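Let the sequences and hints guide you as you build the complete structure.
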Amino acid sequence: MNRIVEKIDLSENVVEMVIEAAAIAKKRRAGQFIVLRIDEKGERIPLTIVDSDTERGTITIIFQVVGKTTAALAALKAGNFVTDVQGPLGNPTEIENFGHVVCVGGGVGVGVIYPLAVALKKAGNKVTSIIGARTKDLLILEEEMKNASDKLLVATDDGSYGFHGFVSAVLQNLIDAKEKIDRVFAIGPVPMMRVICNVTRPYGIKTIVSLNPIMVDATGMCGACRVSVGGQTRFTCVDGPEFDGHDVDFDLLTSRLRMYLSQEKEAMERYRCAHGG
Amino acid sequence: MEAEEKKAKEKRVKVPRQKMPEQDPKVRIHNFDEVPFGYTEEIAITEAKRCIQCKEPGCIEGCPVEVNIPAFVRLITEGNFIEAGRTIKETNSLPAVCGRVCPQEDQCEKVCVLGKKWEPVAIGRLERFAADYEREKGQVSIPEWATPIGKKVAVVGAGPSGLTIAGDLVKLGYEVTIFEALHKAGGVLVYGIPEFRLPKRIVEAEVDYVRKMGVKIETNAVIGRVKTVDELFAEGFAAVYLGVGAGAPVFMNIQGENLSGIYSANEYLTRSNLMKAYLFPEYDTPIVRGKNCAVIGGGNVAMDSVRTALRLGAENAYIIYRRTEVEMPARIEEVHHAKEEGVQFKLLTNPVEYLGDENGWVRGMRCQRMELGEPDESGRRRPVPIEGSEYVVDVDTVVVAVGTMANPIVPATTPGLETNRRGYIITKDETGKTSREGIYAGGDIVTGSATVILAMGAGKKAARAIHEYLSSG
Ligand SMILES: Cc1cc2nc3c(=O)[nH]c(=O)nc-3n(C[C@H](O)[C@H](O)[C@H](O)COP(=O)(O)OP(=O)(O)OC[C@H]3O[C@@H](n4cnc5c(N)ncnc54)[C@H](O)[C@@H]3O)c2cc1C
Ligand SMILES: Cc1cc2nc3c(=O)[nH]c(=O)nc-3n(C[C@H](O)[C@H](O)[C@H](O)COP(=O)(O)OP(=O)(O)OC[C@H]3O[C@@H](n4cnc5c(N)ncnc54)[C@H](O)[C@@H]3O)c2cc1C
Ligand code: SF4
Ligand code: FES
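Chains L and V, in that order, give the protein sequences.
Those letters in the first sequence? Residues 20 to 296, per this note's numbering, in order.
Those letters in the second sequence? Residues 16 to 488, per this note's numbering, in order.
Check before you lean on any hint, since a few could be wrong.
What the hints assert, rightly or not - Here are the computed lysine-lysine pairs in the DSS-like style, where the Cα-Cα straight-line distance is at most 25 Å: (1) L:Lys165 - L:Lys140; (2) L:Lys46 - V:Lys167; (3) L:Lys46 - V:Lys231; (4) L:Lys199 - L:Lys225.
It is worth saying that the hints were derived from the structure and are not from the lab.
As the structure is a computational prediction, the values presented were derived from the model and not from experiment.
Structure representation (structure tokens):
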């Protein structure tokens, strides 16, 4: 049982939670994640560790409400408990002084890229960050990302704030402006990561993406999280979650993410009926 | 007098081996309840009386943990069921599990003298009976506490191997903590073997027993991630036992294998057993309930998967196996159960490609017919493809059950720990000693996928070795 210490609504559908998990807080590094189960009948869902506080023994997660489990999690309050938190899982991000790195985060992916930006900055990189959301109200962690980066660029799909358009267009602009870029980290919805990879591919800029396939055990035992990278089957939980984006088969990832659509809808409808709204 | 005794003996052994009462196949394919009901007291006594109490019993030697079989069988004949259960527990801490899943036909029952002329004593069923009786009567005894000797041992993995060594070491007075990656202890017993063969409440009771003996079990603790083995030593553990199992799925690397609807057996069974997906939506974890489900492989894991598919509502559930039934590694009893339940066996058949629909969902598999050639290194006749024999089977779910590999996390994060080319941990001898001082290993992570009882046997031997190591230093 892990206690929820704090809960903050970042936007309509995005929640930040601080959860007690001392051992994980002590050990975790940028790029790693946890698997969480809210209760005995719950699903095991993976969520990235955004931050940690070793003194308080807590970790921070940021998640978007997309289905039953995340909705039920969002309904919990500070002082409530979740049944299990397992982690830290996955390989930490390879952090080095690459030179100039660009961190691109979309939607809730900004939460995932934030610890990377912090670590990359600390390693001596010049960090340019591009963050985006559909609209201004959905933008998260702007202040934090600004502090973690040498330069922060913001984009919204509807133009309600910052650049009007996608984060990929902002990245294209940087490249067109002949900025020397040594490495790109892109984390967000699968279509966004795919587009960013398409932007950097012609210039040979190495682009790291963090994949989010469906997971069960997250210890390499089940193979649910398999993805195809460079024509080879890899397990995201133990081989990833980060991979060279230019080698990733995004079509496969997209179709496998849709595998349980009808059951997920059923679960969500039942949950809504039971909880009103 | 002697002649009379002899006659009585003759009469006893001629009693047929007692049948196991079971759920009707037509009924049981619609539920996940256990298939065999277990012996009643009467049947158990009748069966136990068949044992002739050999002076030099082969059955004990046939048992990897040397259960005193004639002794517990005799106690059953006397109606002393509780004592019978305790006698088994002297050497076997998981009797209700072993009584259900051990391949007795290859172990104790294989060497039972009665088997030479008639049928062997049903040792496994009697073991199950005694263990169930003790548990159900709530008279599970907890062994006396040994005097603590003030030394800590860490066990990685709460499968049968880890649970066994932990139980043995606390009995010797060690402070033992098991670190388990998943949220539940039991290893394959909770995530792999289905409810209808091994009810989870039984595993829970046995895990509980180990806890009551004083073993600490930390779940959600992936060693290698949250702590390395070296960090365990730094925390004051004097020895570490690795019982992490061989839980990494093997795929065949054929075209289309990552299509939606294609599972590894581990995923399929974990969703169903550990996560209770068969009770969706009461439980949150979903599973695909296919109409036409093919399971690739011929072992116990394949049988468990195909029988799960049936219970999830498959109209056609196939076993696709490249050899014939003779070479099939599954227990005969499991194959028999699967057949009774309507599983269709497509033997001498191998998948060569999976076909997908426009949504990336599997819709068929191209199979090739095989014939048997010369024996290969496994001693079984090698399957050889028949040219031009390919045909398509319509399927909407596939479960790949062709074996497992070593889980890489612990070896990858423990410098100096030697593994072989397949990733399994190399041990120096029977005791489980590895290339690193103070680190022992056993179970599937050393042998590759084997059996519950062998994993337990490895835990027992390592317990003795660790005790010796820590007493001499
Ligand atoms: C390594 C990793 C890190 C992640 N980090 C974050 C994060 O920091 N913040 C965040 O909001 N989301 C993150 N996700 C995604 C998050 O796990 C899913 O949104 C969540 O599982 C959805 O569960 P649900 O029951 O609410 O939705 P469901 O109704 O079950 O599913 C909604 C969608 O979520 C995806 N999904 C469903 N089950 C799983 C599962 N077990 N594992 C992964 N994806 C699933 C599928 O695409 C599905 O269509 C991460 C995923 C991975 C693999
Ligand atoms: C579906 C199926 C059916 C089977 N049927 C039978 C049968 O009928 N009869 C029989 O005798 N055998 C059967 N077996 C084989 C038997 O279950 C195994 O041989 C046995 O469980 C091996 O025991 P173990 O303790 O070595 O490993 P496991 O049971 O695999 O347990 C290992 C444990 O270690 C944990 N772990 C792994 N890595 C870490 C880590 N880094 N940190 C912490 N914990 C970790 C795992 O989560 C797991 O709980 C079957 C196997 C399967 C998969
Ligand atoms: S070998 Fe068979 S008959 Fe002899 S003691 Fe063992 S179980 Fe009884
Ligand atoms: S989630 Fe099971 S292998 Fe990665």
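Is Lys199 of chain L within 25 Å of Lys225 of chain L, Cα to Cα?
-> holds (12 Å)
Pair hint outcome, Lys46 of chain L versus Lys167 of chain V [Cα-Cα no greater than 25 Å] = holds (22 Å)
Could you grab the alpha-carbon distance between Lys165 of chain L and Lys140 of chain L and see if it respects the 25 Å cut-off?
-> Holds, at roughly 12 Å.
Mind checking the alpha carbons of Lys46 of chain L and Lys231 of chain V for me, to see if they're no more than 25 Å apart?
-> holds (22 Å)
Checked against the numbered hints above, the structure violates none of them.
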